[in-house]
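Take the given structure of chain B and dock chain V to it, following the hints.
As they're listed, the protein sequences go chains B and V. Residue numbers 1 to 130, in the numbering used here, belong to the letters of the first sequence in order. Residue numbers 1 to 304, in the numbering used here, belong to the letters of the second sequence in order.
Accuracy of the hints is not assured; some may be wrong.
[Stated by the list, open to error] So these bits of chain B aren't anywhere near chain V, every CB distance computed over 10 Å:
1) 12
2) 52
3) 54
4) 57
5) 63
6) 66
7) 74
8) 91
9) 108
10) 120
[As the list claims (entries may be wrong)] Under the rule of at most 16 Å between Cα atoms (straight-line distance), these lysine to aspartate or glutamate pairs were calculated in the EDC-like manner:
11) 132(V) to 151(V)
12) 106(B) to 152(V)
13) 88(B) to 121(B)
14) 106(B) to 221(V)
15) 129(V) to 152(V)
16) 129(V) to 151(V)
Simulated from the structure, these hints should not be mistaken for lab results. Values in this document were obtained by computation on a predicted structure and should not be read as measured data. Glycine is no exception: its CB is placed at the ideal position from the N, C-alpha and C atoms.
So the chains spell out like this:
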Amino acid sequence: MPAVLTVDPRSGVPIYLQIIEQIKRSIALGVLQSGEQLPTVKQLAIDLTVNPNTVARAYRELEREDVIETAPGRGSFVRSNGVTESPKVAAEIAGDALDLALREAKSVGLERGDVRRLFEDALARWFGQQ
Amino acid sequence: MSTITITNLRKIYGPIAAVDDFTLEIPGASVFGLLGPNGAGKTTTFKCLLGLARPTSGAILYDGQPLVPGTLERIAYVPERSVLYDWMTVAEHIEMNRRAYTRFSPARALELLTTFRIDPRRRVRVLSKGMKTAVMIAIAFARNADILILDEPTSGLDPVNQRHVLSLMINEAAKGNSVIFSSHQIGQVERAAEQIAVMDSGRLVLQGLVDDLKGDRKIVEGVFPDVQFALDGISNDPHVARVDRTERIVRLLVTADADAIAARLSAAGAMGVRTVDLNLEDIFLYAVSPATATTDIVIKETSS
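One chain only, chain B, in its complex shape (with noise of 0.2 Å):
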């Protein structure tokens, strides 16, 4: 399991959504591959200091979303398909950080057209002219 695993508790996030944000960007960067064994809930809960039961609720979500699966007195590991759904990962979590520009962009009361350009000058930014 990769060190960068980190919770800051004095986010208004919950710990237990932000064990879940890092797994799936792990996940989506390769530093978690297909089929690799996560810490026990235990060793992740006193890595980070946290509640055992804020760890295991990660991990339950986790699995209900088909990111990693438990096998019984094994332990976690990243699902076989994990690997091949980390687009879909990298799309979801790229896709939530476009959402909160686009409300915030709404919320001061810009227009659709303001909103289209200051994108295709960030899309340029990062991406190059086409």
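Leaving out everything else, chain V in the frame of chain B:
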């Protein structure tokens, strides 16, 4: 796994109700945080849990059973103030606990003292406040108790030792034991506790999973183009706990459905509607701060 059920607990000292109609279920195999301002009744609640104070009324049950002397063998308690004897050495305290409690592990106590860098040959008299706390922690965690009740367990400790204590608590929860602790250091509660209860003036004012409280409770804020706007009945919404208004800005504390309430503000013509996450400190302060004048403002429908 020890569930503690507190029902309608009341403890009256003279004219003061230190704990007033307090009902709470504390789950086993977890870390539970009890928060509250000074004098809220946390220590009195702990004393009632331990049989050190007799409730005026109400009931406390451990796995459905009332407290009996045998239960106390399963509970370790670290009080807020030192109960160590100044004239004894740390090692003598360990020996005293070995004789008093059958499940006490002197080896474990010594191991923990090493972690806290305390020489057991020292007399308590020469120890600092933080070192005394560490000694009491080491003894409590060597008790092999099923339930640990810790009143301000990190007071006076340096950040490294504070983290040691949190790790010990997490470890106990992972073993299936129950840890109940109070702390004014909300960041620690936020990190280690799964559930919290907030007391104020002896009463329970808020309880829940820390993650759920953070997920549900938000500030929704909107700026209206004019001081006159129609936002009828928003303070009656069951999910709006508090309304603050400063001229064109409306700030709502919501307990659920932040998106729907944000949409309501937008529909009423608010611009710059945003939803702000709250950390546990914010949530705590809102729970214990008395209603201010702005809280009671009812925004009436206005026809401009």
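(message) For each hint given before, does the structure comply? Return the numbers of the non-compliant ones in rising order.
(response) 1, 2, 3, 4, 9, 12 and 13
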